[in-house]
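K.L.:
Two chains, two frames, a set of hints: combine them into the complex.
These protein sequences, in sequence, are chains A and B.
Oh and the first sequence: position 437 is 437 in our numbering, straight run, nothing missing.
Just add 560 to the spot in the second sequence (first one is 1) and you have our numbering.
Don't read these hints as lab results, they were simulated from the structure.
Please read these numbers as outputs of a predicted model, since none were measured by experiment.
Fair warning: there could be bad hints in the mix.
Under 7 Å between C-beta atoms, here's a sample of chain A residues computed to sit facing chain B [claimed, not checked]:
no. : residue
1   : Asn144
2   : Val259
3   : Ile263
4   : Glu265
Each residue gets a CB set at the ideal place from its N, CA and C atoms; glycine is no exception.
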Amino acid sequence: MTRLNLRMFTILMVLAVIMAACGPAATPTESIPDEPEAPAPADTQPVEAIPEGGGTVVIAMAAAPVSLDPADHRSRESETVIRNMFDGLVTRDNTSGVHLQLAESMDWVDEQTLEIKLREGVKFHDGTEMTADDVVFTFERIINDNQIEYPEPHTSPRKGLIAPLESIEKTGDHSVVMHFSGPWPPAMQLLVHQQIVPKAYIEEVGTQGFIEQPIGTGPFKFVSAQPGYEEVVLERFDDYYGGSPDLAPAGTACVEKVVFRVIPEASTRVSALLAGEVDIITAVPQDLIPNLEANPDIQVTTAAGTQPKWIELNVNQAPFDDVLVRLAMNYAVDKDLIIEQIYGGRAVALPGPLSPFNNFANTSLSPYPYDTTKALDLLKQAGWEDTDGDGFLDKDGETFAFTIDTIESWRPLAEAVADMYRAIGIDANVRFWEYSVIKPQLQAGERMAWLDDWGDSAFDPVGHFEAKWHGFVADTPYGRGNFSGYNNERVNELTEMGETTPDETERHTLYDEAQQLVYDEAPAVFLLLPEEVEAASVNISNWAPASDSRQNMHDVCKSE
Amino acid sequence: MKAIKVLERILATLPIMFGVAIIVFFFIRLTPGDPVDIMMGQGGAISTGEIEQLREEFHLNEPLHIQLWYFLRDAVQGDLGYSYVLKRPVVELIAERLPATIELAMGALFFSLVIAVPIGIISAVRQNSLLDRLSMSGAFLGISMPGFWLGIVLILVFSVYLHWLPVQGRISVGIELEERTGFFVLDSLLSGNLEALKSSLLHLVLPSITLGAAVAAVTARVLRSSMLETLRSDYVTLARSKGASEWVVVMKHALRNALIPTITVLGLQIGILLGGNMVIETVFGWPGLGRMVVKAIFDRDFPLIQGSVMIYAFIFVMASLIVDILYTYLNPKISL
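Just chain B, with the same shape it has in the complex (with noise of 0.2 Å):
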């Protein structure tokens, strides 16, 4: 049952992305500036003969409906058209790029939450100790302290200073890495590498922290307020009364409870953990999507715009979906 109300979401999806198609569409073209012409660039890179040639090929001289019909048409194909200054496939692209940005957000993702499910807990079964103020001041800063300040702090300390950790990158020059999926953790354990495994690990420290303090510091202050809520509630209270000891009062009465606001919350930072980063891979030279969107902008790459921002969209959509999955597991009155 539940895998058909899965597949439905899933099916659900498909209007919500056909949507974002158009809207991508229709904004990047609205934007001012030609691709063509940006093409050019000041030595003259194509000919004045060629610009007409160009527009041609990339069918920029077309009515704008004429334009959206072909993307829509390779796009159910699978086709997402090729960057026009890459000159390679959209999908190719995004392909190999997408496992590094997925890389750091998880690593993001997994330091935020060693850092936040504790420290929220704590505060709040320990509410207005000095270890409850001191966290929570700890998570305003994570949340005001912009991230490419952050890195480079962190990089001047770690890796310039102290020599603990690489500045940037994903793995140390001359570490030879058969690569079978393009993350690097995990093609070093598939290939049993692990030199190869000690370097990514490593350079994936820094990133993950300056990516993740933020949403740590979210986490943190969602899980505290929620746990302080459940933890006044009434079944906290029976179950206390039933001579429950502490440990399992908080955490399995009121942990889980606590965790639906928080997941929600965390299922949205899961975006921002895969769409804003791009700053932090401009900090770490971390070669993945967000950089060569940001290009990709600049350079009005439209087919290269537009996959992106529709891969974005599917992991976002996805992400929620996902929310909403883990909800019936942390309580069974909630159906999808």
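Just chain A, same shape as in the assembly (with noise of 0.2 Å):
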């Protein structure tokens, strides 16, 4: 499929040229704000939003939900939908600021216990109140084994983003408490993510009625459904309690329907938008950003990314066993060229192995620098040069060759490094793979270097310290994701304790330090974070996409 995305782009690029050519001249109407944008400061909110105008917002998605039961489903998509439909304790801007949703305030009482006290009179769609029952209804659901009855008893997939919860009480109509299983610092990132669902109304109507008709708190009611949900349409509730008062604006929302529409190629999704079918498209591709640009009818919008991207190297096997050999892949990659080729500079260089915008993210990092004769120095000292002059590297008489696997969606990126590697005499190929079919080959060291990305919009360090560079540990978390073998035993123990230290500024320290760590013995050639790219028609207003891809509908408005 992505293979043909490609072929099709390129296509589609050259009709576009084409008829660009034939059209009338086009002016760009839409500057790139270089920064994600900042959540409105809660005094300069107006003090209700009235709805005005109404109208029917259409968003293309580029894949269809799996389940809009919140309790059921471990997909972006799916929470898109949910997130208009049920609002949780928290919610997040659209950077990374956590803001009190349902609930009206949460202390923590010690390291592991978290007390709550609910929002009042907040009503869910059938016109029943939200009480202390249904936020312990919710989380029992999700933490409790087999609690989902259909189609066949089941945990809910999302028991593993709130792991450390123990149980849950309810000590009040309106206040409930949480234990957790010891101290949780990213507990509140982790808690946007779990939604309040209607406990009464799941008792009498089950998974199934739940999942045909879903009831919540969100700003929206859900209308209907097309098969596979590759069409969803809610409505404006008109009894929404307004939403977190931190984020303007609050009160009921701004349009009146909402229609996400699935519409899997890229290609289409941007002729969808040009044609004025739909009026939001996500996911659009960097190569037919400039189309869209050209059109003074369309804005264009980025919020920072979530899925950083590197090339993790085989630190047990020659030549990558050698850090300098490492350290010199970094510095071969010209990451700016590629950032404003590939991605029309909508990208940012990695400083190290988390995504800058991470709330802890080493700041006194930096991009390694592109730097060639650097590189090749490194390289001269772990002991590669051409000494047969065949423009290739070579040691013991064996030429520096090696495969960068990936998969075909990283082509253009693959190609560019391995072309970069080749110019300073690594004989550097690419070789493209489906994800579940070298899983196990990358788990079991067996391959060289494996360029892919890993997605986390916790803004949390734990994601992608516990995943990528914490050493594999079977059966735990630790290490499910990572690639290269790289086990150092201080940045194991520091990540743990990150996990558990609940003092921010401790935590910065901790991190600091692995960060620090993971750079200086380079795992990994790190390359970049691009951005969320979505588009919508001018006639859509306080609009912009949030780097957890979420799309908030509450404040959207629509002029016609």
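P.N.:
Dropping the structure here:
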């Protein structure tokens, strides 16, 4: 499919050029902000956003939700739709700030106990009031085994997102207490991803009835869905309590109806936007952005991405068992050129093992500069030199050759990097895989270099450090995505300490050291972090993509 | 008599379906990639503790022959299991998606026949004329043009620049249609909803042309060559010498016989129309079976793949049966 996409883009580009040449001159109108938009400060918010005009907003998504049950999915598309129908205790703004939503206050009694006071007068879409019972029910449905009974009893796939939660108890009609197995610093960032469901309703109609007609406390209520959630129609909930008071505008939603439609092919999404069939499109591929920007009726906006890309080098096999070689690999890549040419400037070079937008990114680190002299120098120190004059480096009679394994989606990036390696005398090739096919080989340490990304929208280092930079430990989440074989005792220790240290300053110190270690030992070539690009018709206002791919339709207005 | 023969043929498909089921069962399990592992995803969507539990739930820990036994035992009772990823019964998922796919296939078939039959006949009757040459080069283009490319070009021209036809989907946003059969055109007719009828027909045009282009091209070429052959045969000469009009000669004597190879080819093309449309479904955002199957393959969603492939196989077998039945009408000398 991706190969097909690429071909299609190329063709579309050629056609677009021809048609642009015949069409009227277009002027770019939208400038791209360098920084993701900061949330509006609370004191500048209007008193109440009065719904005006209403209208229907159609959003084209690349993939369909798998379920509209907030407890029964692990997909961003599902969450995109769900979070317009369901609110959580807390929510996130378009960057990484967490704000109270259904909770009125949240206080840590001690490191393991969280006291939550719920907002009163919040109504579900069926008119019943949300109480502590619903909140307890919601979390027990997730953390206890086999609570979801349809089609066969199974445990919520969201349990892993809140694993340290041991129990939750009601302490009043509008207050609950959460007990955690230990200190859990990223609690707030991860509670964003759990939405409150109505106890009485689910007990009455069951999971099957609930997914046919979901009911939440969110700004929109469910109207209808096409099979496979190819289209989901929502309408404004007029009894909405207003949402997080920190995030302007508070109040009921601006538009009357929201329609989520699935259009898997990127060029079709772009065409649908150009033809005026849809108002907002997600996941705009970099190479189609110029077409959209040239159109005065379209606005293109970006948000900081959450999926850093790197090449993990197998640290247990020659030549990458030598840190000098790994450093050279980092110096040999011209990231700025790649960002400019492949990403149209819509990406940032990775300064180390974490996204620079992570709340705990080590700010003293900067991306390895492009310096081929230094790279060759390091390689020479490691014994790699072109002694036989064939244009490739060699050592003990062996040529420096390796394969970058990746998936089809990253073809342009992988080929550009391989070219840069060949330019300094390393015989680098690229091979494309289906991830599920190569994964066992990666885990077994059988591959040399793996180029891919790793998503984490929580803006907390736990996700990336636990999965990528901690050594692999069977039957734990540690190192589950560690394909370099990197295993540094100190980094492991710091990662584990970071997970349970509640004090923020202390956590900064721990993660700063861990990042510095990974940076210096370079188990990977730290490449870049692309931005999330979305586009909308100029009729749409108050709209901005969020880093966690949420489509917050509550704020959006549409003018005819 | 014919009814019994037809019934016999339908029964004869059972061993074929059985064979297909077994082949699909083993082949998807031979493909590298583990469904539970894929479900785990980057975020560790299922914890390491749950992995074993899920494998057990899906019977993936059992020996293959036991798994096969479970599958066949349930399949005989019409239960194709439930999708690992979508967590819904496979039969239900297929039933929801199949109408969209069939509707598109019918649209494509209609389009290709409307194009191919006149072109095939005229090119044969006026062999080597300009029209013949033009339409045969057109057919050549139709065969060689990749569907996705044609689709994108059609979208750009007719939707983005001319605004004549919709870009994607089955019906416009905001049109309410009471669903009865899942075939939108039929549902609009049944509920007398003219707005929905117009919208669903307009939405069918571009995908039908894109999907039907290759079929039209093949059909036109086959019809032309078989027409050329029959037009040169003795009974056509006889008909002409009897003084029959050229219209009767062509349409009655020649066409009927020329249709046999055409229908054979068309029967095979039905498979392409139904099974080969995942690309078209992707380009036009058409919510059909093909797209679901592709996703199921990437997810290694075994029950969903098995169920869908069996449905495809069943349709293929039925298409060839219908072709055989049609033969008996076109040429009474052929029997089932």
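K.L.:
For each hint, tell me whether it holds in the structure or not.
P.N.:
Going down the list of hints, with the structure as the test:
A hinted interface residue such as Asn144/A counts as satisfied when its beta carbon comes closer than 7 Å to some beta carbon of chain B; here the least separation is about 13 Å, so the hint is violated. A cut of 7 Å between beta carbons decides the hint on Val259/A: the least distance to chain B is about 5 Å, and the hint holds. With 7 Å as the threshold, the beta carbon of Ile263/A comes within range of chain B, its nearest partner Cβ sitting at about 4 Å, so the hint holds. Taken as an interface hint, Glu265/A checks out: its beta carbon lies about 5 Å from the nearest beta carbon of chain B, inside 7 Å.
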